[in-house]
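Which chain is which? The protein sequence lines are A and B, in order. Note that this note's numbering has the first sequence beginning at 1, numbered continuously upward. Note that this note's numbering has the second sequence beginning at 1, numbered continuously upward.
Derived by calculation from the structure, the hints in this document are not laboratory data. Beta carbons: idealized from backbone N, C-alpha and C, even for Gly. One or more of the hints may lead you astray.
[Unchecked claim] Stretch-level coverage of chain A by chain B, calculated; a stretch enters the list once three of its residues show a Cβ under 8 Å from a Cβ in chain B:
(1) 175 to 187
(2) 193 to 200
[To be verified] Pairwise CB distance ranges (calculated):
(3) Gly-16(B) / Phe-289(A): 54 to 60 Å
(4) Pro-118(B) / Glu-299(A): 26 to 32 Å
(5) Gly-196(B) / Pro-291(A): 56 to 62 Å
(6) Pro-291(A) / Glu-232(B): 38 to 44 Å
(7) Arg-135(B) / His-104(A): 41 to 47 Å
(8) Ala-138(B) / Gly-144(A): 49 to 55 Å
(9) Gly-145(B) / Phe-289(A): 18 to 24 Å
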Amino acid sequence: MRPVLLFVGVALLIAAPFGLKPYGIYLLSLWAVMTIAAIGLNLTLGYAGQISLAQASFVGIGAYTAALLTTQGWPLGAAFALAALLCFVVGWLLGYPALRVAHHYLAFVTLSFATLVFLILRNEEWLTKGVYGISGIPRPALLGWSTKAPQDFYFFCLGVLALASIAAWWLLRSPWGRAFTALRENPIRASSLGIDTRRYTLMAFAIGSALGGVAGVLYAPLVQFIEPTAFTPGLSFNLLLMVIVGGAGRFFGPFLGAAVSVLLPEWLRFSEGLYLMLYAVFVMILLAFFPSGLLGLAERLRTSWPRSSKSAS
Amino acid sequence: MAALLEVRELRKSFGGIGAVNGVSFAVHAGEILGLIGPNGSGKSTLFNCILGQLAPSSGEVRIDGRPIGGMRPCDLNRLGIGRTFQLLQVFPQLSVRENLLLAGQEHEGGMWSRLFGPRDAGLSAAANRMIDFFRLAALAEERAGALSYGQQKLLDVAMAFMAGPRLVLLDEPAGGVNPTMLGGLRERLKAINETGRSTFVVIEHNMEFVMSLCTRILVLAEGRIIAEGAPEAIRNDRAVIEAYLGT
Ligand SMILES: Nc1ncnc2c1ncn2[C@@H]1O[C@H](COP(=O)(O)OP(=O)(O)OP(=O)(O)O)[C@@H](O)[C@H]1O
Ligand SMILES: [Mg+2]
């Protein structure tokens, strides 16, 4: 069942751009980028149980790293390496407050950090050009394959998403994934079993943030013009919503959550001015009735299916 | 030879009220030491101070003669000290097998080998042995949360032994376990003690269980040791009877 779903999903993602206009392809690319950032946050929040409202900052750090390097002629690969490293280190440091506080306190610590990063992006003009933003961000060429066209760049994003997913899958299936779950469920018991909860907490922040940075490196050449307001705490909330709507702590949650967040508002556009309201109502109803998100809902339908069909017959 | 565990003049107070008021004792390799006492006499607090879960107000704890003050619970566990908590603490989302793998994985290799090495951290065989030993074979792939209370309690104990510890501190392992299973649990513990040369300290309210399992018993009342000795002697000790019944 699962491999079939996965195969169908991948086939659809590969076929999708062929019937779409450039704006549709742009949205799909944006979905891939946001999914990567949400996979990172899902690691930190969904698996390791550490709330962060700073994921947008790492997308921002990644995007500015890419913008600054590639407009100076550096290859995008260098931006990937530098942004991932930078976000890993900054994410690690951001994890320290999580060793002291949890839940809403941690939410506010990370939110303050997100605000700080936004202010730096806006005010430090010598580095970031402030509110003027950075334009003319080039799209990369890989071994002679130019990704200038929307469709080519979409496939590039899809490739990076595939790599990020495989890495996250590997990590979560390793003993680390088990340790993250233990950290989320019961840190005191975990530490009594020899699990260094401090180190795993920092790792959860560092790796989740690094994935945010990777998403940012893709975001810059996708939109080709970045300015600070793209990385306000609003984006952090949006990423948090993606993780929770999709199903926190479930591997495919971010894929679904990002689809809802990026695509659903577009599909609701027919309703003109109402679409954001419809979207808000959808999220409220979903979370009020299915706090474990769309995948939690799907799981519930699947497990209740045989029972209800049996009782019907 | 230094005692495996030595506690010296340990005190712990919460907001000025003493929970543990100067406790000293030693545990030697191979012993099964029982720790009994009325509710609120400080037994669990004593465990938590020994294991770094709580910082003692004063006093000292030594393992193999070496002071371990300030060490974190995870470091102590990796020194070969296992424990269970008074309240059942398994990971309900994980399967029985995963719970056991989790309990052993941090004792193998380093962080990186745990990331790039095998998913079971090379512990499948050890987990299987533990599953068989605690008669959990039929439940190995079940979610721990789906097990009965008694079965979860067995898993909880099994997890404490997964890494082959030298010393295990068990806080009320028999609490809520039915009498048939209890006999089984006692036999398992005795077997591990004899063949594995593992040493235990067991907090328990079930007198029959303590008396038949332990080689020596300490009695705690109001944070102080009021009696110490072989099970038979403790059973007839006046001070103990008074502490339990009140005067
Ligand atoms: N975290 C805490 N904060 C304040 N007081 C505490 C705390 N933990 C324990 N105490 C107090 O310390 C005393 C000893 O408690 P402890 O749990 O060690 O007793 P116990 O012997 O394990 O009892 P029981 O047999 O009921 O488990 C009690 O009076 C308890 O209220
Ligand atoms: Mg207790």
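Hints, verified against the model:
1. 175 to 187: holds (count 8)
2. 193 to 200: Three-residue rule met by the region 193 to 200 of chain A, so holds; n is 7.
3. Gly-16(B) / Phe-289(A): 54 to 60 Å: violated, 48 Å
4. Pro-118(B) / Glu-299(A): 26 to 32 Å: Roughly 28 Å apart at Cβ, these two residues keep to the hinted range, so it holds.
5. Gly-196(B) / Pro-291(A): 56 to 62 Å: Between Gly-196(B) and Pro-291(A), where Cβ atoms are some 44 Å apart, the hint is violated.
6. Pro-291(A) / Glu-232(B): 38 to 44 Å: violated, 56 Å
7. Arg-135(B) / His-104(A): 41 to 47 Å: holds, 44 Å
8. Ala-138(B) / Gly-144(A): 49 to 55 Å: The hint (49 to 55 Å, Cβ to Cβ) is violated, given that Ala-138(B) and Gly-144(A) are roughly 59 Å apart.
9. Gly-145(B) / Phe-289(A): 18 to 24 Å: The hinted range 18 to 24 Å holds for Gly-145(B) and Phe-289(A), with Cβ atoms some 22 Å apart.
In summary, the numbered hints that this structure violates are 3, 5, 6 and 8.
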